[in-house]
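Residue numbers for the sequence shown follow our numbering, so the first one is 2 and each next one is one higher.
Mixed in with the good hints, there may be bad ones.
[To be verified] Subject to a maximum C-alpha distance of 30 Å in a straight line, what follows is the list of computed DSBU-like cross-link-like pairs (lysine-lysine):
no.	residue 1	residue 2
1	195	84
2	23	195
3	23	310
[Stated by the list, open to error] Here are the in silico distance ranges between beta carbons for each label pair:
no.	residue 1	residue 2	range
4	130	226	28 to 38 Å
5	149	104	30 to 40 Å
6	81	310	35 to 45 Å
7	135	72	15 to 25 Å
8	174	34	13 to 23 Å
9	75	25	48 to 58 Å
10	221	187	27 to 37 Å
Hints in this document: simulated from the structure, not taken from any laboratory.
These figures come from a predicted structure and were not determined experimentally.
All C-beta atoms, glycine included, are put in the ideal place defined by N, C-alpha and C.
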Amino acid sequence: MRIFVTGASGLVGSGVCDALLKRGDDVTALSRSVRTSTAGGVSWVEGDPSVAGDWCREIDGQDAVIHLAGESIAAGRWTKARKARLVDSRIESTRCIASAIEAASSKPHIFVCASATGYYGSRGEELLEEGSEPGTDFLAGLCRDWEAAAQLAANDGLRVASVRFAVVLSGNGGALANMLPPFRLGLGGPLGPKDRWFPWIHETDAIGLVVHALDTAEIECGGKTQPFAGPINLSAPGPVRMGEFATTLGRVLRRPAFFPVPLGLLKIPLGELADLISPGQRVSAARAVASGYDFAYPDLESALRACLK
Numbered sequence: 002m003r004i005f006v007t008g009a010s011g012l013v014g015s016g017v018c019d020a021l022l023k024r025g026d027d028v029t030a031l032s033r034s035v036r037t038s039t040a041g042g043v044s045w046v047e048g049d050p051s052v053a054g055d056w057c058r059e060i061d062g063q064d065a066v067i068h069l070a071g072e073s074i075a076a077g078r079w080t081k082a083r084k085a086r087l088v089d090s091r092i093e094s095t096r097c098i099a100s101a102i103e104a105a106s107s108k109p110h111i112f113v114c115a116s117a118t119g120y121y122g123s124r125g126e127e128l129l130e131e132g133s134e135p136g137t138d139f140l141a142g143l144c145r146d147w148e149a150a151a152q153l154a155a156n157d158g159l160r161v162a163s164v165r166f167a168v169v170l171s172g173n174g175g176a177l178a179n180m181l182p183p184f185r186l187g188l189g190g191p192l193g194p195k196d197r198w199f200p201w202i203h204e205t206d207a208i209g210l211v212v213h214a215l216d217t218a219e220i221e222c223g224g225k226t227q228p229f230a231g232p233i234n235l236s237a238p239g240p241v242r243m244g245e246f247a248t249t250l251g252r253v254l255r256r257p258a259f260f261p262v263p264l265g266l267l268k269i270p271l272g273e274l275a276d277l278i279s280p281g282q283r284v285s286a287a288r289a290v291a292s293g294y295d296f297a298y299p300d301l302e303s304a305l306r307a308c309l310k
């Protein structure tokens with residue numbers, strides 16, 4: 002397959018590119034900076050995904066588009082300026098790609114676009130499936146509009162999949178790396194209320210499910226065949242509460258985890274971003290499981306041990 006990828010240098014995007022190249026796909030990746038090297042087999046194209054430009058022509062003739070680019074949600078407090086950048090880097094870029102797909106004479110047949118379980122907002126004990134209503138906070142609204150922008154490409158039989166990432170656990174960076182310092186010092190504990198649900202997925206499965214969504218056109222559900230399209234939760238089938246997450250991380254590190262950080266204290270430096278750290282989302286992985294995906298790390302302890310070995 003010929004596949005166009007954005008966010009190819011990110012934590013998940015780089016792994017997706019590696020997986021595609023390993024099986025023999027041709028990968029073209031968009032980068033904001035000039036990259037002339039094709040080391041590893043990726044062909045780089047310069048451009049800003051939020052602004053239409055010459056890069057849009059590269060989508061013509063591709064079999065698929067995977068859009069993972071976007072400014073880091075957790076990189077800093079959500080000021081008015083940062084919120085604007087988060088919107089531009091996700092919604093405007095997705096609209097640009099949808100327009101480029103529409104303009105292509107030889108269109109791709111699948112568009113996989115990132116989203117997040119933040120779509121649901123904090124929902125207590127409710128089991129959150131793909132058909133659940135969106136939340137009402139900033140991140141929920143961002144994800145709702147992000148997915149709506151992706152659906153603009155759903156014409157002429159094009160399959161659009163919005164992959165809703167839970168917190169990605171990796172030994173190579175991301176959320177887990179930010180959590181580790183206090184735990185290694187024996188000062189770790191639940192971030193926010195210990196009874197809040199914490200949706201997570203191991204990096205290997207995040208990558209695997211993106212590729213699986215790319216490859217799987219249809220699934221059997223309730224005795225009926227349906228397209229594997231629309232929202233797909235990328236969350237492990239073993240959801241945990243924040244207290245269990247902290248206890249398990251402490252056990253893997255052989256450190257105590259008795260020092261909770263109240264949500265109110267988190268909100269002093271982080272503001273609304275604190276709700277991302279303590280999300281309160283009991284996310285279902287049933288659709289991913291029903292599609293035939295076999296999770297490499299279905300339980301938290303095995304995932305953390307793999308990250309920290």
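The hints, checked one at a time:
1. Among the hinted pairs, residue 195 with residue 84 is consistent with the structure: their alpha-carbon atoms are about 28 Å apart, no more than 30 Å.
2. A hinted pair counts as satisfied when its Cα atoms are at most 30 Å apart, and residue 23 with residue 195 does not qualify at roughly 41 Å.
3. At most 30 Å may separate the alpha-carbon atoms for a hinted pair to count; residue 23 and residue 310 meet this at roughly 24 Å.
4. At about 19 Å, the CB distance of residue 130 to residue 226 disagrees with the hint of 28 to 38 Å.
5. Checked against the hint of 30 to 40 Å, the pair residue 149 and residue 104 fails, with Cβ atoms roughly 20 Å apart.
6. For the hinted restraint 35 to 45 Å between residue 81 and residue 310, the CB-CB distance of approximately 42 Å keeps it satisfied.
7. As the Cβ distance of residue 135 to residue 72 is approximately 21 Å, the hint placing it in 15 to 25 Å holds.
8. Separation of residue 174 from residue 34 is about 19 Å and conforms to the stated range, judged on CB atoms against 13 to 23 Å.
9. In this structure the supplied range 48 to 58 Å is violated for residue 75 paired with residue 25, their Cβ-Cβ distance being about 35 Å.
10. Here the CB-CB span from residue 221 to residue 187 is close to 49 Å, at odds with the stated 27 to 37 Å.
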